[in-house]
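Trainee: Position chains D and R relative to chain X; hints supplied.
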Amino acid sequence: MISFWDFFTDPVLRAPTWGCILMCFASSLMGVLIFLRKRSLLAETLSHATYPGAVIGVFLFAFLFPAHEEWTFLAVLGGAFISSLLGLKAIEWMEEKGKARSDAALCFVLAVFFGIGIVAASAMQASFPVWQKQVQMLLFGQAATMTDIHILIYGCLAFAAAFFLFLTFRPLQSTLFDRDFALSAGIPVSILDRIVFWLLLISLIVGIRSVGVVLMSGMVIAPAVAARQFSNRLQTIFGLSALFGVLSGFLGNYLSVMGSLALSQSGEKISLSLPTGPMIVLVGTSFAILSLLFAPKRGLAFRIGRILAFRFRCLQENLLKGIWKKGALSFPQIKESYPVFLPVLSWILFRMRQEGWMQKKKGLYELTRDGKQKAASIIRLHRLWELYLTESLGFQVEKVHRTAEEMEHILTPEIEERLTRLLSNPKQDPHQQPIPERYESLLGN
Amino acid sequence: MNFSFEADALNVNYGKIPILWDITFQIPQGQMVGILGPNGAGKSTLLKAALGLVKPLSGNIALLGQAASRARKKIAYVPQRESVDWDFPITALEVVLMGRYGRLGLFGRPRKADKEAAGSALELVGMSAYADRQISQLSGGQQQRLFIARALVQEADLFLLDEPFAGVDLATEKAIIELLRRQKQQGKTVFIIHHDLPTVEEYFDWAVLLNTRLVACGPVKEVFHRDNLMRAFGKGQLLFDEAAALSAKSLSGIL
Amino acid sequence: MNPYWGTEFFGFFSVLFQRICKAIFGGVSSLAADELQIAVLATVAISCGLVGPFLVLKRVAMFANSVSHTILLGISLAYLAAASLWGGGMFDMGTLLLGAFIAAGITAFLTEILMRLFRLQEDASVGLVFNALFALGITVVTLFTRDAHLSVEAVMGNADILQVRDLKLSFFLLSLNLGAIVLFFKQFQLASFDRSLAQTLGISCGAFHFLLLFLAAATCVGAFRVVGVLLVLAFLVGPYLIARFFCCRLPWLIFWSCAIGVLISLFGVALSRHFLSAYGWPLSTGGIVVVLLGLAYAGAALVSRRLAAGQRVSLKTTG
Chain X
1 MISFWDFFTD PVLRAPTWGC ILMCFASSLM GVLIFLRKRS LLAETLSHAT
51 YPGAVIGVFL FAFLFPAHEE WTFLAVLGGA FISSLLGLKA IEWMEEKGKA
101 RSDAALCFVL AVFFGIGIVA ASAMQASFPV WQKQVQMLLF GQAATMTDIH
151 ILIYGCLAFA AAFFLFLTFR PLQSTLFDRD FALSAGIPVS ILDRIVFWLL
201 LISLIVGIRS VGVVLMSGMV IAPAVAARQF SNRLQTIFGL SALFGVLSGF
251 LGNYLSVMGS LALSQSGEKI SLSLPTGPMI VLVGTSFAIL SLLFAPKRGL
301 AFRIGRILAF RFRCLQENLL KGIWKKGALS FPQIKESYPV FLPVLSWILF
351 RMRQEGWMQK KKGLYELTRD GKQKAASIIR LHRLWELYLT ESLGFQVEKV
401 HRTAEEMEHI LTPEIEERLT RLLSNPKQDP HQQPIPERYE SLLGN
Chain D
1 MNFSFEADAL NVNYGKIPIL WDITFQIPQG QMVGILGPNG AGKSTLLKAA
51 LGLVKPLSGN IALLGQAASR ARKKIAYVPQ RESVDWDFPI TALEVVLMGR
101 YGRLGLFGRP RKADKEAAGS ALELVGMSAY ADRQISQLSG GQQQRLFIAR
151 ALVQEADLFL LDEPFAGVDL ATEKAIIELL RRQKQQGKTV FIIHHDLPTV
201 EEYFDWAVLL NTRLVACGPV KEVFHRDNLM RAFGKGQLLF DEAAALSAKS
251 LSGIL
Chain R
1 MNPYWGTEFF GFFSVLFQRI CKAIFGGVSS LAADELQIAV LATVAISCGL
51 VGPFLVLKRV AMFANSVSHT ILLGISLAYL AAASLWGGGM FDMGTLLLGA
101 FIAAGITAFL TEILMRLFRL QEDASVGLVF NALFALGITV VTLFTRDAHL
151 SVEAVMGNAD ILQVRDLKLS FFLLSLNLGA IVLFFKQFQL ASFDRSLAQT
201 LGISCGAFHF LLLFLAAATC VGAFRVVGVL LVLAFLVGPY LIARFFCCRL
251 PWLIFWSCAI GVLISLFGVA LSRHFLSAYG WPLSTGGIVV VLLGLAYAGA
301 ALVSRRLAAG QRVSLKTTG
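Chains as they are written, first to last, in the numbering used here: chain X, 1 to 445; chain D, 1 to 255; chain R, 1 to 319.
Okay, chain X solo, but in the shape it has when bound (with noise of 0.2 Å):
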């Protein structure tokens, strides 16, 4: 049996561990500029761009060492560099000079560079059918077969560039923010563009061998869509990224060794491998959705439940003012003028008795003190907010109720202040009633 601790010190296991680990750690700082930049598809090109490069590498080191396989990589990844940035420049050509639209400047390039590695590995396929292996786990990673030279090599990569990233941090912020400003501020924009871009490549040939060609903007993208809904701090962001990103390649490689592992105990004869690259990626999704879902402030779920608790406040804050405006109200004459499912009434009368604005007498439900107070400070934001509408802006007197009955759950302390001075401390709405003072019952009334 495997245990946990084995993946990072078990020798066959150790090193697609630290090598998913790695890899996923750069591509997720890279992929928070692009995501910034809104250029996510790029990484989706340049890291097909990569595969011809590749392919190519490993073909003529096929041709020049062939007795020192285990080197290979060297040559994938100096081919893989060197073509996305063959790659790159073909989309800067077609987008400026042929005035191609970006999308289809990125889907050509894509797909003749992919075009070239693909004739390239059909060449492989008939010189050195031995090295057919190394081209196929270009497609979808094979981290299973890493060793611990790859892991050296990528791990001087991916910390040179975290550590070039440290250094530009400053005016990289600038620039992504706002580009005009860091241009004319003598920030050079230009070479900080192209230092991102060459990171970029980087972080997509480390991650060839883990995650595989057509899978690696999946890493790209989702760790950095996942930090974002967490913070608005560029530090922050990095930092959750980085982390949401390792925690992916960790556990996608975890799940495709154990699946494996399950898989061929099954009694299947084929010693069949699950590729870790589609692991890595739907874990990282994973991760994506769970933030966009759930983060506090951003997630979707808490902005659901912020909308609930809002109607809940609006619903409270009616029934104080409707019980304020009869004396007192019993159930049933509650019941008919608030439509309200059901059990949802009966709860916040109960919350409202619990938080002391309300009490019940001989079965009839009438406000506290402080229940009135708070009625009549809403009562008061209603009828300052009715004669700004009349005075100040003119709207009809008719019309003016409606809003106002939205508008009272809204308003803040801060706008009742610059509503009570802009309008001169007024004691009348336009319907001639009167408006509530702002702290009456403490003053006795």
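Treat the hints loosely; a few may be bogus.
[Said to hold, decoys possible] With a straight-line Cα cutoff of 30 Å, these simulated DSSO-like cross-link-like pairs (lysine-lysine) come out:
1) X/Lys321 to D/Lys249
2) X/Lys326 to X/Lys427
3) D/Lys112 to D/Lys184
4) X/Lys325 to X/Lys360
5) X/Lys399 to D/Lys55
6) X/Lys361 to X/Lys326
7) X/Lys38 to D/Lys55
8) X/Lys97 to X/Lys38
9) X/Lys372 to D/Lys249
10) D/Lys249 to X/Lys38
11) X/Lys360 to X/Lys372
12) X/Lys321 to X/Lys427
13) D/Lys184 to D/Lys174
14) X/Lys399 to D/Lys221
15) X/Lys399 to D/Lys249
16) D/Lys55 to X/Lys297
17) X/Lys372 to X/Lys427
18) D/Lys73 to D/Lys55
19) D/Lys249 to X/Lys297
[Said to hold, decoys possible] Under 10 Å between C-beta atoms, here's a sample of chain D residues computed to sit facing chain X:
20) Arg213
21) Ala216
22) Lys249
[As the list claims (entries may be wrong)] Covered by chain R, per the in silico footprint, the following chain X stretches (three or more residues, Cβ under 8 Å):
23) 29 to 40
24) 276 to 283
FYI, nobody ran anything at the bench for these hints, they're computed from the structure.
Predicted model, so just to flag it, every value in this text is computed and none were measured.
For every residue, glycine included, the Cβ atom is placed at its ideal position computed from N, Cα and C.
Mentor: This is chains D and R only, laid out in the frame that chain X set:
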């Protein structure tokens, strides 16, 4: 007799921000109507809501007494020039011909009569020489005339134009106003989102002053005066905008 | 015996020409493997040439890339459904079309949800969706078919094992695309050019947009056995971009996109045979075709810039 344009308690949001707030008005037919207001006041949104391109949060809006989906054949819409891809591989004549597509149904093809109408419309706007020209080669004024020709070909009762004179030379502007006046004389109604205040009294019979909410709506002589202009273009409603933005945030759970 | 065996580039064309003449006078019994390749590639090229221009004009080419990735999942699901519901096979017409429909549907739906409900930016939504669905597709395929090669083939295609059945499929898809474009040309044209006018004229932009995506997905499905999903992209986008250098009327652009695609397919197969005969290299035909497209683009770009520069020079000398 139907109103040409009618709104009742119309509220339109764009994502988090309210663009149109409680708009109510009625405008009779056969008028040249100017829709005025500062940037971001919701003028384009008003037209789009009327055409059914934007869904209102609440309230009603109708053109010629009907919802846009029923009145389609009688309405011609001239959008802002930026909304169109001017690099599209298409000639001026073909663009004008598109005005007829609404009548051809699902499988119909443009007929000879349609093509002749397109040619005549081009002549009316003074663009016959450019019939086979690629639209990317046209100037701003020429592009606008093309749009007008397309609207004419639709044989509509109602014209809705969104900032037709932005970036257009004076000669083209005068020519277009003249063409639209002739439409009005035949009983059609023309709505123009306009940004040039000095020409309002010359061009329009009715005015709609808009700044998220309706400031005024009525004959130009009655409503186009200083007080209303101050209300529409002035700063008195900063508090309103703030409160509106707060409201939108609460309703969508951001706050 | 394959009549093209051992022919080099120009010899290929002479054999082809002879066989066409023979075919006209009824002397040919069946298609040679190379001819089958040309036929299938050409029909795929025409299908792509019909639909591709609209994808580019609507700026949804990357979306087509997205759909081409989700095809794998779509087909796996369609196969599961078909096998259990009506005993359909993996490559039946019905199964494949269902797969295309599912792929286009899921992709569009999930991307829209990410953009509208979760308020995620468009490029990240598209990227997240297709990578996740592709990863899911690969996992599903690997688990169910116990064959890691299928995914590789889905990506790369294998033009060298084509059968007549594939030609029938491609032809069906071609007629589907042709029918849709001919019937609804004006709707597609208008929706690509001026969305607001289209909507005010009562044309349902959403429906036609989905139809376009479905056709793109169907084309991918038809082509993935031949050239693999990624290379369909080259056919969808490349010929249009090349034609755009020289032509500017939409109907002609569509025609030339198809024509360029067919020509390149022809040369691609000939070249592939040439490399096999002359040097003994069995190169991937699909890959060669795409590389030719790239070269054709580069050539067209060069020529068009020379022409433009030449025009500028002649204007200067005469003016």
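Trainee: With reference to the structure, classify each hint as holding or not holding.
Mentor: Hints versus structure:
A C-alpha spacing of about 24 Å is found between X/Lys321 and D/Lys249, which places the hinted pair at or below 30 Å, so the restraint holds. Taken as a hint, the X/Lys326 and X/Lys427 pair is honoured in the structure, with Cα atoms around 22 Å apart against an allowance of 30 Å. Distance restraint check for D/Lys112 and D/Lys184: the Cα-Cα separation of roughly 28 Å lies within the 30 Å cut-off, and the hinted pair is therefore satisfied. For the proposed pair X/Lys325 and X/Lys360, the alpha carbon gap of about 17 Å is at most 30 Å, so the pair holds.
Pair hint X/Lys399 plus D/Lys55 holds up; C-alpha atoms about 22 Å apart against a cutoff of 30 Å. A C-alpha spacing of about 15 Å is found between X/Lys361 and X/Lys326, which places the hinted pair at or below 30 Å, so the restraint holds. Of the pairs offered as hints, the one joining X/Lys38 and D/Lys55 holds, with about 28 Å between alpha carbons and a cut-off of 30 Å not exceeded. For the hint linking X/Lys97 to X/Lys38, the alpha-carbon distance of about 22 Å falls within 30 Å, and the restraint holds.
Of the supplied pair hints, the one linking X/Lys372 and D/Lys249 holds, its CA atoms being roughly 28 Å apart against a limit of 30 Å. This hinted pair checks out: D/Lys249 and X/Lys38 have alpha carbons roughly 25 Å apart, not beyond 30 Å. At roughly 14 Å between alpha-carbon atoms, X/Lys360 and X/Lys372 fall within 30 Å of each other, so this suggested pair holds. As the CA atoms of X/Lys321 and X/Lys427 are separated by approximately 19 Å, the hinted pair is consistent with the 30 Å bound.
Proximity of D/Lys184 to D/Lys174 is assessed by CA-CA distance (about 15 Å); at most 30 Å being required, the pair is judged to hold. Distance restraint check for X/Lys399 and D/Lys221: the Cα-Cα separation of roughly 25 Å lies within the 30 Å cut-off, and the hinted pair is therefore satisfied. The suggested pairing of X/Lys399 with D/Lys249 holds, with an alpha-carbon distance near 23 Å, which does not exceed 30 Å. Restraint check: the Cα-Cα separation between D/Lys55 and X/Lys297 comes to about 27 Å, which is no more than 30 Å; the hinted pair holds.
A threshold of 30 Å between alpha carbons decides the hint, and for X/Lys372 with X/Lys427 the separation of about 19 Å falls inside it, so the pair holds. Taken as a hint, the D/Lys73 and D/Lys55 pair is honoured in the structure, with Cα atoms around 20 Å apart against an allowance of 30 Å. Distance hint between D/Lys249 and X/Lys297 is fulfilled; the C-alpha atoms sit about 12 Å from each other, no more than 30 Å. Annotation: D/Arg213 was flagged as interfacial toward chain X, and the flag holds, the nearest CB pair being 7 Å apart, inside 10 Å.
The interface hint given for D/Ala216 holds, since its Cβ lies 8 Å from the closest Cβ of chain X, which is under the 10 Å cut-off. Interface hint at D/Lys249: satisfied, since its Cβ lies 9 Å from the closest Cβ of chain X, which is below the 10 Å cut-off. Counting residues of the region 29 to 40 of chain X whose beta carbon lies closer than 8 Å to any beta carbon of chain R gives 4, which reaches the threshold of three, so the coverage claim holds. Counting residues of the region 276 to 283 of chain X whose C-beta sits closer than 8 Å to any C-beta of chain R gives 5, which meets the bar of three, so the coverage hint holds.
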